[in-house]
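37 is the number of the first residue of the sequence shown in my numbering; add one for each residue after it.
Because the hints were derived from the structure by calculation, they are not lab data. One or more hints might be untrue.
[Stated by the list, open to error] Below 25 Å or equal to it, Euclidean Cα-Cα: the simulated PhoX-like pairs (lysine-lysine) are:
1) LYS212 - LYS237
2) LYS508 - LYS431
3) LYS362 - LYS400
4) LYS423 - LYS508
5) LYS508 - LYS549
6) LYS355 - LYS423
7) LYS95 - LYS109
8) LYS400 - LYS431
[Stated by the list, open to error] Quick list of simulated restraints, FRET-style, between CB atoms:
9) HIS123 - ALA75: 11 to 21 Å
10) PRO522 - LEU114: 54 to 64 Å
11) THR261 - LYS406: 19 to 29 Å
12) THR138 - LEU490: 47 to 57 Å
13) GLY352 - THR505: 42 to 52 Å
14) MET432 - THR138: 30 to 40 Å
15) ASP417 - THR505: 16 to 26 Å
16) ALA85 - PHE544: 53 to 63 Å
17) LEU518 - ARG79: 26 to 36 Å
Nothing here was measured: the structure is a model prediction, and the numbers come from that model. Virtual Cβ for every residue (Gly too), placed ideally from N, Cα, C.
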Amino acid sequence: TESLLDDIVLTHSLFLPTERFLQQLHQQYPGGHEGAEGAGLQRKRAVLAVLLHFLETYKGLLQEEESAGKVIKELYLLIMKDTSLYHDLEDEILKLHQLVETVELKVADETPPPNKQVKPLFRHFRRIDSCLQTRVAFRGSDEIFCRVYLPDHSYVTIRSRLSASVQDILASVTEKLQYSEEQSAREDALILVTMASSGEKAMLQPSEECVFTTLGINSHLFACTRDTFDSLVPLPEEIQVVPGDTEIHRVEPEDVANHLTAFHWELFRCIHELEFVDYVFHGERGRRETANLELLLQRCSEVQHWVGTELLLCEGLGKRAHLLKKLIKIAAICKQNQDMLSFYAIVIGLNNAAVSRLRLTWEKLPGKFKNLFRKFENLTDPCRNHKTYREVLAKMKPPLIPFVPLILKGEGGGSLCPMGDQGPAEIPWTPPDPPSPPDLTFLHEGSKTLLDGLVNVEKLHCIAEKVRTVRKYRSRPLCLELEASPAQLQTKAYVRQLRVIDNQNLLFELSYKLEPGSQ
Numbered sequence: 037t038e039s040l041l042d043d044i045v046l047t048h049s050l051f052l053p054t055e056r057f058l059q060q061l062h063q064q065y066p067g068g069h070e071g072a073e074g075a076g077l078q079r080k081r082a083v084l085a086v087l088l089h090f091l092e093t094y095k096g097l098l099q100e101e102e103s104a105g106k107v108i109k110e111l112y113l114l115i116m117k118d119t120s121l122y123h124d125l126e127d128e129i130l131k132l133h134q135l136v137e138t139v140e141l142k143v144a145d146e147t148p149p150p151n152k153q154v155k156p157l158f159r160h161f162r163r164i165d166s167c168l169q170t171r172v173a174f175r176g177s178d179e180i181f182c183r184v185y186l187p188d189h190s191y192v193t194i195r196s197r198l199s200a201s202v203q204d205i206l207a208s209v210t211e212k213l214q215y216s217e218e219q220s221a222r223e224d225a226l227i228l229v230t231m232a233s234s235g236e237k238a239m240l241q242p243s244e245e246c247v248f249t250t251l252g253i254n255s256h257l258f259a260c261t262r263d264t265f266d267s268l269v270p271l272p273e274e275i276q277v278v279p280g281d282t283e284i285h286r287v288e289p290e291d292v293a294n295h296l297t298a299f300h301w302e303l304f305r306c307i308h309e310l311e312f313v314d315y316v317f318h319g320e321r322g323r324r325e326t327a328n329l330e331l332l333l334q335r336c337s338e339v340q341h342w343v344g345t346e347l348l349l350c351e352g353l354g355k356r357a358h359l360l361k362k363l364i365k366i367a368a369i370c371k372q373n374q375d376m377l378s379f380y381a382i383v384i385g386l387n388n389a390a391v392s393r394l395r396l397t398w399e400k401l402p403g404k405f406k407n408l409f410r411k412f413e414n415l416t417d418p419c420r421n422h423k424t425y426r427e428v429l430a431k432m433k434p435p436l437i438p439f440v441p442l443i444l445k446g447e448g449g450g451s452l453c454p455m456g457d458q459g460p461a462e463i464p465w466t467p468p469d470p471p472s473p474p475d476l477t478f479l480h481e482g483s484k485t486l487l488d489g490l491v492n493v494e495k496l497h498c499i500a501e502k503v504r505t506v507r508k509y510r511s512r513p514l515c516l517e518l519e520a521s522p523a524q525l526q527t528k529a530y531v532r533q534l535r536v537i538d539n540q541n542l543l544f545e546l547s548y549k550l551e552p553g554s555q
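Using the sequences and the accompanying hints, generate a full structural model.
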């Protein structure tokens, strides 16, 4: 019964919007003396059980859903009237009161909320004090600062809600520009464009929301007219590279690995379990409730590109081979920490075609580390739906950080977070293994939610099982002893504010410059 209740609460948005779900729950609750005994009392208790589980699951999200919050308040007030009538329900009603207080659903006093503190998105402002703060979950109503660039690479800084639409962002930009000479000379309406460091650009539609967390690693927002769209070019600092020593050469592998694990655990903990459902199934909350998941996926890509960036900016062959050894050691420590996200991302980064072609560098790697990296490659082998990785993960006990893209991807899907063309590999035929657990995308595309007008309960149960797996990974706290010395704080800042090259063409240019004859 508890499992079925959890299934419904986790997946109801696939067939019934949250507001309607709560309205149906409200209608099922007999108020006052109605049904004072027998079936009526059982129905009250059943509705209370569903509502309590719903609030426990959704706390932290309900402030974003005003209509759902209103229904909950009405049902809460109705239930509170029964406090003196039904002593058998006292425990449940007390727990309900505590939960309503926890989720900050103001019932009697509708006072306006206090001014919110603006939250920093990593990479957007490289301030040490911001990046050293413990990460907290983002919500759509949170406010952030963001730069929006103009065609001449000047910019305006706007303060905006995370869930703001493109239209809202452009209105803020226009307001900032209204007193400038540029705006007085401009007659055409502005459009909002995302610009990657490679020069790839895309125009955003006015109705799109939550665009801040969907930007690429080195992507920026540009405001321009349709006439100037074709002339937009990336910011100079994103395509200028100065080789030289960085922090990675001065720190110990253990320190880097531990700070990677600590930061990724913070990001992983910020993701509400329902974001996994909404990201794949596009529930009624849409992007507004997947911001934390999107940020972790961006971070995964960032770590992959960080590996290639650091190696390809290292000009000396001996020094580069030493750095390669250090990165493999960092991956090994991350695996020991059960931080499979960092481990997997580093291995993918080392398999970047611009890195793997550095024959001279790999030849100088000690045999012990060559063998270790081969084991890592076998562990991350995508064959048979990443069977080896899943077997290793199944043996781990919480806390652990999984490679999150594998929770989302479809079974039989393509490579994850591609890092460059490496050509197809011939894989010998082997007898099929028992099927691996399907991932969320496969569950979504492989079966219908409604069959002959009825809810596909088996599908909902499978989806809820995947979400419960994430819940299990985070069921125990992560305990890492990290010093607070100035050197450790510097390493912490470095790990949390990685500067990377995400332009694959530029990575190849650096690679061929280092080793022109390698294949």
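Hint check results:
no.: 1; hint: LYS212 - LYS237; result: 23 Å, holds
no.: 2; hint: LYS508 - LYS431; result: 13 Å, holds
no.: 3; hint: LYS362 - LYS400; result: 13 Å, holds
no.: 4; hint: LYS423 - LYS508; result: 20 Å, holds
no.: 5; hint: LYS508 - LYS549; result: 47 Å, violated
no.: 6; hint: LYS355 - LYS423; result: 36 Å, violated
no.: 7; hint: LYS95 - LYS109; result: 14 Å, holds
no.: 8; hint: LYS400 - LYS431; result: 34 Å, violated
no.: 9; hint: HIS123 - ALA75: 11 to 21 Å; result: 19 Å, holds
no.: 10; hint: PRO522 - LEU114: 54 to 64 Å; result: 57 Å, holds
no.: 11; hint: THR261 - LYS406: 19 to 29 Å; result: 55 Å, violated
no.: 12; hint: THR138 - LEU490: 47 to 57 Å; result: 35 Å, violated
no.: 13; hint: GLY352 - THR505: 42 to 52 Å; result: 45 Å, holds
no.: 14; hint: MET432 - THR138: 30 to 40 Å; result: 31 Å, holds
no.: 15; hint: ASP417 - THR505: 16 to 26 Å; result: 21 Å, holds
no.: 16; hint: ALA85 - PHE544: 53 to 63 Å; result: 59 Å, holds
no.: 17; hint: LEU518 - ARG79: 26 to 36 Å; result: 52 Å, violated
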